[in-house]
Amino acid sequence: MTDQPIPGTILFNGANAMKGYALNKMCFSFNSRSNREAFLRDEEEYMARFGLNEQQRAAIKSRNVLALLEAGGNIYYLAKFAGIFHLGVQDIGAQQTGVTVEEFKAKLLAAGC
Amino acid sequence: MARIVGGIATTHVPSIGNALEKGLEADPYWKPFFDAFPPLRRWLDEVQPDVAVVLYNDHGLNFFLDAMPTFAVGAAAEYRNEDEGWGIPTSPPFSGDPRLSWHLIESLMHDDFDICSCQEMLVDHAFTIPMQLLWPARSTMPRTIPISINTVQHPIPTPSRCYRFGQALGRAIASYPEDLRVVVIGTGGLSHQLDGERAGFINPAFDRMCLQKIVDAPDELASYATLDLIREAGAQGAELIMWLAMRGALTGSVRELQSTYHVPISNTAAGVLLLENTTRPELAIR
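Those protein sequence lines, which keep their order, are chains W and G.
Each residue of the first sequence is one higher than the last, beginning at 1 in my numbering.
Each residue of the second sequence is one higher than the last, beginning at 1001 in my numbering.
Next up, chain G with everything else stripped away, as it sits in the complex (with noise of 0.2 Å):
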């Protein structure tokens, strides 16, 4: 059967992406946050994933206005970036796992989450920046899984949906049939805005609160409304709907292997976290 080997969230703005290309990881102003990295790279070289479930939001490089789904599950042999808009490198296809993601779209369906399936998507920043993070060497890296939730037009899915979301999707990979060690990723947040007179807004003490009960007490931070939400987050803090889903899909108790907060790299609070299920214990990291 497969098992979830662990959870991993983490920022993904596009600015990470141009700091990588020019070689700024220890770069003072960066440093903070790419340190966080190579424990999790660590990590998943002791746990060997087989494949990378990775929870993320399109920016509006796939998906458009015309039709926007809610939960966008990707069911390709591959997966392609673009520019854009801002001329983002391209890189090499990532691999998928069709059999897998469509065992998910199935049992997701089947336990009530109505799912948009897509034989074509391409992915962006928010899904290739985690990738490239966390495997920089590509022979190493997972194949994988990307499920875009829409926050780019409200009304987006609520926290407390994207929370059983990630329950439904914890349920999902545990019936999978086939021996794979797989692991969820969510992106985005933490607290930051990019658009209106609040741009700029950023809540450190938000943001600490949240990487606190993510990780002991899940339910509380699902029960925000999306308003309140992005009050106390602005309008792309809204983004930690993701990584509740990454929550969701993991056991009730989880052990914390590493929390990493650092403000700010460009407009955001950059967040980074590593969760492994406690009924693993033989996973655990040495």
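Next comes chain W alone, as it looks inside the complex (with noise of 0.2 Å):
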């Protein structure tokens, strides 16, 4: 085993659980369309009812999934986030990697040849 760490990839450990608790507590109550609804309602409440930090209602205001991450947002939990704005993880890979959604796509049909 190496402990290098792998570019681009985040490993969700203890430290980033204690500092994402209150982002991923939010996206997790996203299963309920109920919670979705009043988060979409009322955005700045919701977000001060689960007491997020400047920089995690920072990245929920910019919608973008690395600075989500960043802030110490699980993907499992953020794909709850993305999904009331019916995204997928193929519309996220795209945001992350730079690149349109078709371009993504393209490259992911590009790796079965």
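Since the hints were derived computationally from the structure, they do not count as laboratory data.
One should not assume that every hint holds.
Within a straight-line C-alpha distance of at most 30 Å, the following computed DSSO-like cross-link-like pairs (lysine-lysine) qualify [as the list claims (entries may be wrong)]:
1. W:K107 x W:K61
2. W:K105 x W:K61
3. G:K1213 x W:K107
4. G:K1213 x G:K1022
5. W:K105 x G:K1031
6. W:K61 x W:K19
7. G:K1031 x W:K107
8. W:K61 x W:K25
9. G:K1022 x W:K107
10. W:K105 x G:K1022
Rough simulated footprint, nothing fancy, chain W against chain G, three-plus residues with beta-carbon under 8 Å [as the list claims (entries may be wrong)]:
11. 1082-1095
12. 1153-1159
13. 1262-1269
Have a look at the derived ranges for each label pair, beta carbon to beta carbon [as the list claims (entries may be wrong)]:
14. W:L109 x G:P1098: 41 to 49 Å
15. W:E37 x G:T1140: 35 to 43 Å
16. G:E1025 x W:L109: 18 to 26 Å
Ideal placement from N, C-alpha and C gives every residue a C-beta, glycine not left out.
Each chain sits in its own coordinate frame; assemble them with the hints.
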């Protein structure tokens, strides 16, 4: 085993789990439709209810996945936030890698050749 | 006595559920994946399992970071899903087998595996999609025992620990006094990564090696360190640990009845595998 970090890859460990707790707790709540609707009604109020810090609030407002990961977000819970906007894993894959969704899909298809 | 009739592994990504809903089985994008399943269904028709033990990973539907179990064994009379935040359709409940659940929990604990027992547990797409793929007609669906393995928060259990968990699960099933036919299913994989700048990472050479080694040299796969597995298979490629747990429950020597590999479905390299214990030749597929 090598302990070298893997470029472009986050291991969601204890430090991240503590750092992102409020953000992830809010995203976990989006399993429920009524909570998703409450968020859409008043985003600021909903974030305040879960005690998100400044960085986490800014990341939520930016809809930027890399910023949300940086703020301690866990991809499994963030996926529920993305779901509010009907974004799937290929949409967020494209956003994180700085390409269009079509380019991202083409890259995956090419991997199968 | 209960006995294991075989093991199945399959990818479980949510987009499979969308494709099923839209009837895209024959669509050129999806066909190579869905074509893997008719032979599996024929095999299931033949072996007629009474119970499916399903090893999967919860993706933040039932478990949160407040209390994250490593090995969570369902002990409910039935299991429900929910929409997971994306509007996934809610299916009718899946029937459990609480008596067998408690036998498994007791046996696994006796075998030094510290279990979180769950009398209420929501099951997510990693459980429901394989069930739908294998038993599209609900009437033939066996009772089920979901077992969730943590892949959300590191440290996650090592490949070797999951392989040995599977071996203990195999012993637990074999020691159940009732005559039951049990199929063990591991869901997830193969290589893929959803988060970070490496999102979209796929490694066909590594996947093909895994598909071979899991059949005839599972010890070698089990010896991977978690970090090395993630390096080779992507962050979510770590889901191979569910395949290893399934493989551990089978006997040392198995017969591969089917192996399918296809890239991509959604963000993921898809793998489907059907294995049978070679010590049960009377169950060989014809």
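Hint check results:
Using a Cα cut-off of 30 Å, the hinted pair K107 (chain W) and K61 (chain W) holds, with the two alpha carbons roughly 29 Å apart. Distance restraint check for K105 (chain W) and K61 (chain W): the Cα-Cα separation of roughly 26 Å lies within the 30 Å cut-off, and the hinted pair is therefore satisfied. Taken as a hint, the K1213 (chain G) and K107 (chain W) pair is honoured in the structure, with Cα atoms around 27 Å apart against an allowance of 30 Å. The suggested pairing of K1213 (chain G) with K1022 (chain G) is violated, with an alpha-carbon distance near 35 Å, which exceeds 30 Å.
Distance hint between K105 (chain W) and K1031 (chain G) is fulfilled; the C-alpha atoms sit about 17 Å from each other, no more than 30 Å. This hinted pair checks out: K61 (chain W) and K19 (chain W) have alpha carbons roughly 18 Å apart, not beyond 30 Å. The straight-line distance between the Cα atoms of K1031 (chain G) and K107 (chain W) is roughly 20 Å, inside the 30 Å bound, and the hint therefore holds. For the suggested pair K61 (chain W) and K25 (chain W), the alpha carbons sit about 17 Å apart, so the restraint of at most 30 Å is met.
Of the supplied pair hints, the one linking K1022 (chain G) and K107 (chain W) holds, its CA atoms being roughly 24 Å apart against a limit of 30 Å. At roughly 20 Å between alpha-carbon atoms, K105 (chain W) and K1022 (chain G) fall within 30 Å of each other, so this suggested pair holds. As drawn, the stretch 1082-1095 of chain G meets chain W at 6 residues by the rule of a beta-carbon pair under 8 Å; at three or more, the given contact holds. Counting residues of the stretch 1153-1159 of chain G whose beta carbon lies closer than 8 Å to any beta carbon of chain W gives 3, which reaches the threshold of three, so the coverage claim holds.
Interface restraint, the stretch 1262-1269 of chain G with chain W: holds (6 residues with C-beta to C-beta distance below 8 Å; minimum three). Taking 41 to 49 Å as the suggested C-beta distance range, the pair L109 (chain W) and P1098 (chain G) conforms, at roughly 45 Å. The hinted window of 35 to 43 Å between E37 (chain W) and T1140 (chain G) holds, with their beta carbons roughly 38 Å apart. For the hinted restraint 18 to 26 Å between E1025 (chain G) and L109 (chain W), the CB-CB distance of approximately 19 Å keeps it satisfied.
Of the hints listed earlier, the one the structure fails to meet is number 4.
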